[in-house]
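There are 2 protein chains.
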Amino acid sequence: MDPISPGVPPGSDTSHLAILGYDLEKEYFGRGPIEALGEGVVLGENEIAFRANLATVKLANNMAMVVDRRAGRISTQETKNLVDILNEEVPEVDGCSFRSYGLTEHRMALTVSGEGLSYEVTDNDPHEEGAPMLECQQRQEARNADGARRLASVMNRWEIEAMRALSKADLNEQRKHSGRPVANAVLFRGSGVAKKLPGFHEKFGFHAAAIAGGALYKGVAKAVGMDFIEVEGANGMPNTNLEGKFEAAVHALGTHDFVFLHIKATDYFSHNKNALGKSRFISKVDENLCLIPSDLLRTLSVILTGDHTTPCDRGMHSGEPVPLLLASPGIRRDDTKVFSERQAASGALGRINGTDVMKIILDATERTVELGTRPSPKNVTFIPKGLKPLIFEL
Amino acid sequence: MDPISPGVPPGSDTSHLAILGYDLEKEYFGRGPIEALGEGVVLGENEIAFRANLATVKLANNMAMVVDRRAGRISTQETKNLVDILNEEVPEVDGCSFRSYGLTEHRMALTVSGEGLSYEVTDNDPHEEGAPMLECQQRQEARNADGARRLASVMNRWEIEAMRALSKADLNEQRKHSGRPVANAVLFRGSGVAKKLPGFHEKFGFHAAAIAGGALYKGVAKAVGMDFIEVEGANGMPNTNLEGKFEAAVHALGTHDFVFLHIKATDYFSHNKNALGKSRFISKVDENLCLIPSDLLRTLSVILTGDHTTPCDRGMHSGEPVPLLLASPGIRRDDTKVFSERQAASGALGRINGTDVMKIILDATERTVELGTRPSPKNVTFIPKGLKPLIFEL
Chain A
1 MDPISPGVPP GSDTSHLAIL GYDLEKEYFG RGPIEALGEG VVLGENEIAF RANLATVKLA
61 NNMAMVVDRR AGRISTQETK NLVDILNEEV PEVDGCSFRS YGLTEHRMAL TVSGEGLSYE
121 VTDNDPHEEG APMLECQQRQ EARNADGARR LASVMNRWEI EAMRALSKAD LNEQRKHSGR
181 PVANAVLFRG SGVAKKLPGF HEKFGFHAAA IAGGALYKGV AKAVGMDFIE VEGANGMPNT
241 NLEGKFEAAV HALGTHDFVF LHIKATDYFS HNKNALGKSR FISKVDENLC LIPSDLLRTL
301 SVILTGDHTT PCDRGMHSGE PVPLLLASPG IRRDDTKVFS ERQAASGALG RINGTDVMKI
361 ILDATERTVE LGTRPSPKNV TFIPKGLKPL IFEL
Chain B
395 MDPISPGVPP GSDTSHLAIL GYDLEKEYFG RGPIEALGEG VVLGENEIAF RANLATVKLA
455 NNMAMVVDRR AGRISTQETK NLVDILNEEV PEVDGCSFRS YGLTEHRMAL TVSGEGLSYE
515 VTDNDPHEEG APMLECQQRQ EARNADGARR LASVMNRWEI EAMRALSKAD LNEQRKHSGR
575 PVANAVLFRG SGVAKKLPGF HEKFGFHAAA IAGGALYKGV AKAVGMDFIE VEGANGMPNT
635 NLEGKFEAAV HALGTHDFVF LHIKATDYFS HNKNALGKSR FISKVDENLC LIPSDLLRTL
695 SVILTGDHTT PCDRGMHSGE PVPLLLASPG IRRDDTKVFS ERQAASGALG RINGTDVMKI
755 ILDATERTVE LGTRPSPKNV TFIPKGLKPL IFEL
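As they're listed, the protein sequences go chains A and B.
Number 223 in this note's numbering belongs to position 223 of the first sequence; there are no gaps in the numbering.
Number 738 in this note's numbering belongs to position 344 of the second sequence; there are no gaps in the numbering.
Calculated directly from the structure, the hints in this document are not laboratory data.
Selected chain B positions facing chain A (in silico; Cβ < 8 Å):
(1) Asn-456
(2) Met-457
(3) Ser-740
Backbone N, C-alpha and C define an ideal beta-carbon position, used for all residues, glycine too.
Please construct the entire structure, taking both the sequences and the accompanying hints into account.
What follows is the structure, given as structure tokens:
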């Protein structure tokens with residue numbers, strides 16, 4: 001399966017949305033709000049959100065050269081202190097309201113609301129150290145170019161005010177004196193707008209639960225209205241509580257008819273180019289898969305896949321196809337015996353896209369109706385909303 | 395091949411149109427007119443058509459509960475009698491003209507014409523007994539919402555008038571006295587408009603003939619302007635005249651350069667969940683395929699496929715891929731030896747869509763031109779309409 005399409009490396013948010021059956025062209029409005037949601041930030045509809053870092057920059061030739069993108073991994077507590085200053089000193093620029101949220105360590109969420117703004121702007125984060133902070137600009141493909149230009153302009157003005165406020169902060173004076181990198185700038189990225197997505201239940205008729213360690217996946221689950229189930233020790237890291245997650249997933253099947261279980265650490269090892277660690281972690285996942293009761297597996301539909309490839313030699317997402325296993329009483333078998341990239345490529349599913357997955361599962365579980373014919377009351381998913389009896393007043 | 399796309403179960407009309415190269419998004423206007431055409435009903439362009447049943451309903455709580463969707467499989471003759479009453483008593487509602495046609499047993503076609511109507515409405519047929527007759531409504535996705543609302547309104551008003559007329563019919567009095575279910579309502583479904591489709595010849599340059607037993611396929615053939623060849627005993631049922639159909643197909647190749655031969659009974663067995671009967675019938679088809687003269691097969695291009703899957707355990711169309719065989723002197727071979735779902739899944743064609751089939755056959759028979767280049771006079775199919783020689787007057 002190509003989560004998006006051949007050769008396109010997905011971000012984890014876009015690939016999850018595609019595999020969950022969302023149309024990115026029409027229903028994706030940027031990563032910022034999804035990450036912020038995952039971190040517990042409450043967003044108003046149409047509020048624009050960025051992910052951001054407190055960073056260390058050095059002015060040279062009128063540019064802000066990025067020295068440390070994470071300001072020496074400044075502590076969560078210190079970030080909260082500086083965020084309070086930002087909220088107090090730069091709450092507004094040109095009639096637009098700004099709000100900063102301190103997250104873990106150097107991480108922040110940054111939101112903006114104002115008339116006539118469009119989220120379609122570029123990052124000021126150059127995503128590497130030694131490079132200058134970038135001007136925030138309207139994106140070339142912006143549908144609302146005026147609104148994007150206006151947002152870019154207020155973001156750049158906010159940044160200058162924010163840098164002034166941070167440079168005066170007592171905390172930064174202390175950091176300077178103790179030889180630690182000052183947190184004197186905010187690098188922001190991933191602008192998006194918090195639009196209400198059609199819910200997963202509304203779209204497919206499933207009452208869905210989600211289990212994940214990483215904040216992004218929590219954000220995706222919240223954005224599509226899944227019930228998020230917290231599992232102690234589920235942290236998206238190699239030492240996550242895998243067994244607890246699988247147990248919670250099996251348990252959730254008692255209360256929900258769709259369970260989304262995300263496992264992150266394979267990707268963590270891949271980004272660190274640690275092939276052996278990844279292989280060992282995959283074995284652990286295998287062991288836990290075996291914990292699913294076999295009588296449950298006989299009736300359950302299982303979708304097992306990755307949201308993207310992250311080859312260990314590259315250490316970044318690539319646009320290669322991922323193996324996809326679909327098992328359901330209503331799905332044909334093929335002769336593939338091994339779940340791997342190479343074996344899956346000759347499987348009977350052929351090369352499909354991420355957005356095909358939900359359609360195939362709906363069909364395998366007999367939730368579809370023939371194209372061109374009527375919805376049947378039995379197939380509740382597809383009854384056009386608002387069908388009702390003809391009422392006679394005789 | 396996915397007749398439509400992965401996981402989408404086609405209706406037989408939509409899948410035939412897709413495999414014959416039609417763009418459903420732009421060129422499909424509902425099943426009603428295709429079925430009506432197949433039954434020999436003559437439709438005016440832009441006339442709206444429904445398939446309908448005479449049915450038995452019982453009023454309760456101001457709703458019409460469906461007791462028998464087929465009014466005890468009322469006879470063809472009795473249906474004609476009641477249809478005459480409908481045409482006489484409810485010929486018009488709010489300036490829109492209605493026309494009912496009696497078909498086999500309880501089956502009817504129902505057509506409407508009027509200013510500003512759009513066919514985009516829902517069925518009043520709940521498709522199951524014990525459920526109430528539904529209000530006909532505009533479809534959510536209607537492009538012409540006002541027109542659809544207007545049609546829904548006149549349909550609901552027609553239905554009430556039709557029920558009044560039927561309940562007074564002498565025939566129903568007789569049925570009631572003899573203990574048979576009365577035909578006191580009309581359940582309609584599959585609204586569509588009789589738009590002129592671009593002809594198969596105009597689209598692809600083929601002079602096509604069609605051979606089929608079922609009315610729907612006859613309707614598809616007529617809708618795209620194929621010559622329909624009647625074969626005695628071809629009835630779309632297990633006892634159809636298979637040999638006669640194959641003979642007629644071979645014969646038609648003398649007068650036409652494209653022959654569409656439809657065989658229905660495999661689907662009949664599948665809907666009845668009769669796997670053994672289906673298997674035996676497939677063997678019969680195999681035997682008849684062998685009747686095609688081998689010297690003809692050496693030059694002929696053959697497309698052998700199903701318009702959809704109907705798994706015997708499900709008894710309904712599913713959205714799984716169908717096996718597809720393309721054989722032509724201009725098409726590459728692969729190593730597939732068996733024509734079956736599982737073997738075809740690893741064939742060289744990969745997983746294509748129904749709309750790819752005609753393009754591949756046009757190309758295999760050298761009827762295509764390079765994208766971005768000129769049409770060649772030999773490839774008449776693809777000369778843009780209206781191109782003509784420069785005329786010199788010297």
